[in-house]
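Visitor: Going letter by letter, the sequence shown gives residues 0 to 174 in numbering that gives the first Met the number 0.
These are calculated hints, taken from the structure and not from any lab test. Cβ coordinates follow ideal geometry from the N, Cα and C atoms, glycine included. It is possible that part of the hints are untrue.
Stated by the list, open to error - DSS-like cross-link-like pairs, simulated, lysine-lysine; straight-line CA separation at most 30 Å:
#	residue 1	residue 2
1	122	154
2	104	69
3	157	69
Claimed, not checked - Listed next, with one range per pair, are the computed distances between beta-carbon atoms:
#	residue 1	residue 2	range
4	19	68	57 to 63 Å
5	55	170	44 to 50 Å
6	19	54	54 to 60 Å
7	120	168	32 to 38 Å
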Amino acid sequence: MLSRLNFMLIDAGFETTVLKYLAKIQEITNQHSILLNDLIRIAKQSKEQLAAPPPNLPTFPLKSVDEFLKFDNLLADELISRYMISRLASIGGNNIQYHTRRILKFLITDQVAIYYSWKGRDKLAFEKTKSMEIIYGAVKINYPQSEQSDLYIAKSVKDWLKFAKTRLNKHSNSM
Numbered sequence: 000m001l002s003r004l005n006f007m008l009i010d011a012g013f014e015t016t017v018l019k020y021l022a023k024i025q026e027i028t029n030q031h032s033i034l035l036n037d038l039i040r041i042a043k044q045s046k047e048q049l050a051a052p053p054p055n056l057p058t059f060p061l062k063s064v065d066e067f068l069k070f071d072n073l074l075a076d077e078l079i080s081r082y083m084i085s086r087l088a089s090i091g092g093n094n095i096q097y098h099t100r101r102i103l104k105f106l107i108t109d110q111v112a113i114y115y116s117w118k119g120r121d122k123l124a125f126e127k128t129k130s131m132e133i134i135y136g137a138v139k140i141n142y143p144q145s146e147q148s149d150l151y152i153a154k155s156v157k158d159w160l161k162f163a164k165t166r167l168n169k170h171s172n173s174m
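Generate coordinates for the entire structure from the input sequences, incorporating the hints supplied.
Guide: This is the structure in structure tokens:
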């Protein structure tokens, strides 16, 4: 009688454990379904917005500060800004930092980057440019769940700008 009671208690505990795990699996599946639907929606929006580039866009990467300033002024146009966010989001990268660096490399050459720093001490400020706004927007399309994405994006930009001169010197020495 005692062994049958023990077996029933063990069996009830097993069922409870299995039901808890099944509930967790269902919750995770629901979360994945929501994320997948968001990704599909974003992909459709990106595809629609990338279909036709707006007129007046320069050729990238931008090769002079003057080209960059003109481009930055173009970003006041909502259509151009949305197009560029989608275009830059499509560049991709396997994490926030890598994606941000790939965007910067696409947008401007090191010859332009050497004239900029994050805050603009002794150089032009990059932090408050419209280009920085679209970089934030583009990276957040691919990494919306990251709580500290602004910090990672900003740090990546700061570092990329800081080492522009080193990259430029390295490139000129290798020629």
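Visitor: All hints are to be evaluated individually against the structure, with a verdict given for each.
Guide: So, going through the hints one by one against the coordinates:
Proximity of residue 122 to residue 154 is assessed by CA-CA distance (about 18 Å); at most 30 Å being required, the pair is judged to hold. Restraint check for residue 104 and residue 69: the C-alpha separation of about 18 Å stays at or below 30 Å, so the hint holds. With a CA separation close to 22 Å, the supplied pair residue 157 and residue 69 stays within the 30 Å bound. In this structure the supplied range 57 to 63 Å holds for residue 19 paired with residue 68, their Cβ-Cβ distance being about 59 Å.
A C-beta distance of roughly 30 Å is found between residue 55 and residue 170, which places it outside the suggested range of 44 to 50 Å. Our hint of 54 to 60 Å for residue 19 and residue 54 holds, since their Cβ atoms are close to 59 Å apart. Between residue 120 and residue 168 the CB atoms are about 21 Å apart, so this pair departs from the stated range of 32 to 38 Å.
The structure does not agree with the numbered hints 5 and 7 stated previously, though it agrees with the rest.
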